[in-house]
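Asks: Each chain, letter by letter, is given below.
Protein chains: 2
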Amino acid sequence: MLMGVKKFLIGHPLKSNELGDQKLNKKKALAILSSDALSSVAYGPEQILIVLMSISAVAYWYSIPIAGCVLVLLLALILSYRQIIFAYSHGGGAYVVSRENLGVNFGLIAGGSLLVDYILTVSVSVSAGTDAITSAFPNLHPYKVIIACILVALLTLLNLRGITESASILAYPVYLFVLALFILIGVGLYKIITGDVSPQLHESLGTPVAGISLFILLKAFASGSSALTGVEAISNAIPNFKDPAPKNAAKTLVAMGILLAILFTGIVFLAYYYGVGPKHDETVVSQIASQTFGRNGMYFFIQGTTALILVLAANTGYSAFPLLAYNLAKDNYLARMFTNRGDRLGYSNGIIFLGIASILLIIAFQGHTEKLIPLYAVGVFIPFTLSQTGMLVKWIREKPKHWPVKLTINFVGALISFTVMMIFFITKFTQVWAVLIFLPLLILGFHMIKRHYDSVGPQLRIDMENPAVPIEGNVIIVPVAGITKVVENSLNYAKSLNAQVIAVHISFDRDNEKCFEEKWKKWQPDVRLVTIHSSYRSMVQPLTKFIKIVERKANEANHRVTVLIPQFIPNKSWQNVLHNQSSLIIRTVLLYQKDVIVTTVPFHLKE
Amino acid sequence: MLMGVKKFLIGHPLKSNELGDQKLNKKKALAILSSDALSSVAYGPEQILIVLMSISAVAYWYSIPIAGCVLVLLLALILSYRQIIFAYSHGGGAYVVSRENLGVNFGLIAGGSLLVDYILTVSVSVSAGTDAITSAFPNLHPYKVIIACILVALLTLLNLRGITESASILAYPVYLFVLALFILIGVGLYKIITGDVSPQLHESLGTPVAGISLFILLKAFASGSSALTGVEAISNAIPNFKDPAPKNAAKTLVAMGILLAILFTGIVFLAYYYGVGPKHDETVVSQIASQTFGRNGMYFFIQGTTALILVLAANTGYSAFPLLAYNLAKDNYLARMFTNRGDRLGYSNGIIFLGIASILLIIAFQGHTEKLIPLYAVGVFIPFTLSQTGMLVKWIREKPKHWPVKLTINFVGALISFTVMMIFFITKFTQVWAVLIFLPLLILGFHMIKRHYDSVGPQLRIDMENPAVPIEGNVIIVPVAGITKVVENSLNYAKSLNAQVIAVHISFDRDNEKCFEEKWKKWQPDVRLVTIHSSYRSMVQPLTKFIKIVERKANEANHRVTVLIPQFIPNKSWQNVLHNQSSLIIRTVLLYQKDVIVTTVPFHLKE
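Heads up: the protein sequence lines correspond to chains A and B, in order.
By the working numbering, the letter at position 65 of the first sequence is numbered 65, and the numbering carries on one by one without gaps.
By the working numbering, the letter at position 264 of the second sequence is numbered 264, and the numbering carries on one by one without gaps.
Careful, some of the hints might be misleading.
Treat identical chains as interchangeable: a pair holds within one or across any two.
[Unchecked claim] Distance condition first, Cα-Cα at most 20 angstroms in a straight line; then the derived PhoX-like pairs of lysine-lysine:
no., residue 1, residue 2
1, Lys-23, Lys-251
2, Lys-485, Lys-495
3, Lys-27, Lys-242
4, Lys-572, Lys-519
5, Lys-27, Lys-251
6, Lys-485, Lys-594
7, Lys-399, Lys-428
8, Lys-521, Lys-495
9, Lys-428, Lys-553
Just so you know, the hints here were simulated from the structure itself, not pulled from any lab data.
With these hints in hand, go ahead and build the complete structure from the sequences.
Replies: Structure follows, in C-alpha cells:
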C-alpha cells in the first residue's frame, strides 16, 4: 500500500538508461534556473527601504543611487560567471572552482556555504511568496507559517517526480511574472509621464537627510544586493543543459542578467516615485501594484505571479542542492547516500533533506523573510568571492589567450563581492554571526567524513596472496523462552547446520527453573540447555555475559559464535506492538557490541 | 553512556525480590492517593461559578445549595466505595467489579473510560496547577503550556524511580496544602464573624434571578461534581497498602472524604461571601486568598501549596494507570508490555505511555483546564455508575449478612452517579460527544487484541506426538556488492556451514558485469555467482524475485533458505549514516514478506 501511495505521488520508477531525456533547453532553463534571481526583485528593493526607513522617509531617495551600485555589482557578477561557465563546463560552480584553484579548504568553505544557502533559498523564497499571498489576502496572515510549510512540501514532491516535468510546470509562471512586472512598470511609467501620479509623493534626489551616515548607506547597499542572490545558479547546473551546454548556459545567463536589471531598476524607481515605504503586513510590490491599478484583476495577477515565481524560485534550490551534495559526496565529504538516484532519477536524498531542512528553518524563523535574508545574502557572497578569486588564480597560472582581460573581469568581480561580504559582516553582525560558528563546524564535519571514508578502503581491501583462514566450526546459541513451536522451529534449523547447539533459558523466577529443565530433557534430550537466573528482569545482560564465555573458548579453536533469535511475525502489522520486541534489541546490542553473528529465524503466525 | 543517563535519572535497577519494600502506610497512602480528590477543590467550586456566571453574578448564591448536593453525592460515593474496598480487597476497582458482576463488556467500558480518565487526571491537574502558578505570577501566563509539559515530564521521571520514594516526596505538600486551606478558611471565617468583610459583596440566599433554569442549575451541579474526581483512586490501589490492606484503605478513604468535604464547603462559602467570580487569568482560590491576606507571604504559601498539590495530584494517575493497564494486559485486552516491571519495579511502560499521552493532551487543549474538565468528569462518572451497579448485582446474587443495607447504599450510589453522568451528557453534549465515539472504538480495540492473543496460543503449542520433520539441507544466498573483506568474511562463514552457497550480485551497470564475473572466478572459483541486472537501481526487488525461485526448489527438497547479509559496523555510531543502510531494509522486507531466515554477519571496522 505504501508503495502505491509513493507511486501516486512521485510517479512510476524510471530505468537508469532513461536519464538522457531529462536535459533542459534554454527556455526551460531560463525558467527553472533564473526564477531565484528574478524573484529576488520582489524583496530586494524592499530591503533597501527597510534600512533607509530607520533614518526617515526623507532618506528614501537614496534608494536610486544605491540601486545604481547594485546594478554595477550585477554587471560584474554576470561577466565573471560567464567566464566560469566556459572554463568549467562540467559544472560544480563555486565548490569546484575554489577547490581546484584555491585548495581543498576554500573549496569546502564555498561548498558548505552554498549548501546552507540553497536551504535558505528555499526558506526565503517560500516565505516571501507567502508574504505576497498574505498581502493580497490579509486574513491569511496568521497562517503564514503553515502555508509556507505546505508549499515546501509540494515543491519537494514536484522535484521527486523529476526535473523535466517540474520545468514544464514552472516555465509558465516565470514568464507570466516577467510579463506582469513589465506591464506594471510600463503602466507605472506611462502614468508618471502623463502626470497621473503626483511628483509630490517623493523627495527629490539630493535632498539633505539628517542622521544619514556611510554605515547606513553601506548597510542599505548590502541589503539591496540580496536582489542578486541566485545569479550563480546557472553556472552550477551546466550539466543539466542540452548540448552545447556551456554556450546555452552563457546565453541563458546573459538573458537573465538583462531581465533582472530591468525589473530591479523599474521596481526601485516606481517605489521611489510613489513614495512607497515598507509595511508590516504588505509588501512594497503589492503597494506599488495597488497604487498603479487599484485592487482589481490586474493587481491580483501581479500578486499571484509574484507569489508563484517566489515559491518556484525555491525550485532553484532543488536543482542546485542535490547536485552540489552529489559533488561533495563523490569527493567523500558528505554521506554517500547523496549520490543515489531515486525512482525518478533525481538525487532524491538531497531533495528530501533540503525539504525537511527548509521547513525547520521556516518554523524556527516563523516565516519572517527579513530575518532570513541577511544569513542568506552572506551565504551567497562568500562563494561569490571565493569563485571569483579562484578564477583569478587560474588565469594567472594558465595564462590563456586574452588573459589580462579575463583577469581584470574576475578581479573586479572578486573585489566587489569581497567588499559586499565584508559590509554584511560589519553592518549586520548581530544577524549573521552564527555563520562564523556554523561554517567552521561544517568544514570540520566534512573532514571527519572524508577521514572515515578514506580509512575504510584499506580495511576492506582483499589481500589475494593471503586468503582468510577457513572457519573450523560453529557454536550456535539459541535463547529459548519456553517450549513452543517457535523454539522447535529454531532448534530444527540450528540442528540442520554443521554446529554445536546450546539452548539458553533466561529465567526470571527461580521456582519454575527446575520444572522447565525437566520438561526440556524429555522434549529435546540431545540439545544442551543452560539456565541463567536474571535477578534484574533483563534478557540482554545475562545473555551477553554468557556469550562472552562461549566466545572465549570458540576463538581459541577458530570457531565462530552464532546467536539464533526466534522472531515472531504476526499476520497483521499492527499486531507487532502486542509482542515483545526484545529480539530486535538483543540483535542490535549483540551486533554492535560483540563480534557474533546474529541469525533471525522467522515464525510466521497464520491468524 | 545512555545507560549512565538512565541510571542517573531513575536510579540503579532493583532486584525482583526487593518488591515488598514498596508498600504504603496509611499516612503516605493518604498523601499519594488522595491528592487527586483533595486538589479538586482548587477547580471544582470555580466550575460551578463559571456556569452560574453565564446568567449573571446575582446567581452566584446558588453555589451554596448546589454545593450541598455535591456533598450528598460525596457521602454516597464514600459509603459505596467503602463497601467495594472490603468486597474486592485485591484491588482493580471499577474494571474488576464491573467485569465480575456485569460481564466482560461493561468491565471493558469501565476499564476503558478509567484508562482515558487517568490520562485526563494528569492533564487536568497539571494544567490547573499551572493556573495556580500563573495566577500568582501573571507574567508566566504565556508559557503555560511549556510549564505544564515540563511538570509532566518531571512527574514521569519521579514515578519511574519507584512509588515509595515519590511518596516520601509527595507526603509533605499534600499535608501542607490541607494546612494552608485550613488557615485560609479559618482566617476567612474569623474575618467574616468579626465583620471584617462587608456582607454587601454577595446577594443573600434566595434572591430571585432572572433567566435561571433547571438546565443551568443541573449543569452547574454537574460541573461542581468535578470536585469529586479522584475518590475512586483508593479502591483501585488496595494492593499498594500495607497489611491489613482493606482496613487501612477503608480508613484512608473515610479520612479523605472528611477532608474533602471540609475544604470544598469552605471554599464555596468563602467564594460566595466574598462575591468572587471566575476570571480569565486568576483562579477563584487565588482571588479568595488575596482578598483574605493581600498578596503577602501567606498568599504565596497558599498558591504554592495549591500548585504543588495539583501537580502532585497528577501522581494519582501515575499510581492508577499502570496498575489498571497491567490488569487489562493480564486479561489479554492490552499489549503485554504493560505487564513488564522496569528497572525500579514499577510498570514503566504504563508510566511512560501515560506521560506522553498527557503531554499530547495538554498541547492539544493548549492547557485550558476548563475545556478538559467535562471530558474528565464524564470519564469518571461512567465507571462510578458501573461499579456501583456491579455491587448491586453482587449483593442480590450473594446475599451476605446485612445485604439489604449494603444493597441500599450501592443502589443510592449507582442512581446518583448515573444521574450525574446523564446530566453531563445532556447539559454539556457539545463538549463530551467525543466520548461516545472514542469509547466504543477503544472497546473494539480491546477485543481485537484479545482475539489475537487467544489465537496465538494454539499456534505455538507443541504437539509432543508429532515432532517437526528435521530439515534436510540448507541453501545460503549471499548478496555481494564487490570483492572486499566484508564479502570474504561472509563467504567464509557460509562455507563453514553445512549448506549450498550461492553469491548474488545485483548490478546497476551492464558494462561492469563481465569484468566482475571474471574477477570472481579467479577469487572464489568454488562459489557459484549469479549476476542480476537491476534497471531500476533497486536491490530489494531483484533479490526477492531471485529468492522466490530458489525457495520453490528448496521447499520441494525440504531444504531451508537462508539469506546472509554482510553488515558494516563502523567504529563510532555517527558513522552509521555514512554507510548504506540497505542491509536493514533488506532484512525487514525478507523477514516480513518471505519465509526465509536472515543472518547478519557483522564486519567491525577498526578505525
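Asks: The structure should be examined with respect to each hint, and the outcome stated for every one.
Replies: Structure-based check of all given hints:
1. Lys-23 to Lys-251: within (16 angstroms within a copy, 83 angstroms between copies)
2. Lys-485 to Lys-495: within (15 angstroms within a copy, 29 angstroms between copies)
3. Lys-27 to Lys-242: within (11 angstroms within a copy, 83 angstroms between copies)
4. Lys-572 to Lys-519: Neither: 32 angstroms inside a copy, 44 angstroms across copies.
5. Lys-27 to Lys-251: within (10 angstroms within a copy, 86 angstroms between copies)
6. Lys-485 to Lys-594: between (28 angstroms within a copy, 19 angstroms between copies)
7. Lys-399 to Lys-428: neither (39 angstroms within a copy, 86 angstroms between copies)
8. Lys-521 to Lys-495: within (16 angstroms within a copy, 32 angstroms between copies)
9. Lys-428 to Lys-553: neither (67 angstroms within a copy, 72 angstroms between copies)
Violated hints, in rising order: 4, 7, 9; the structure is consistent with all others.
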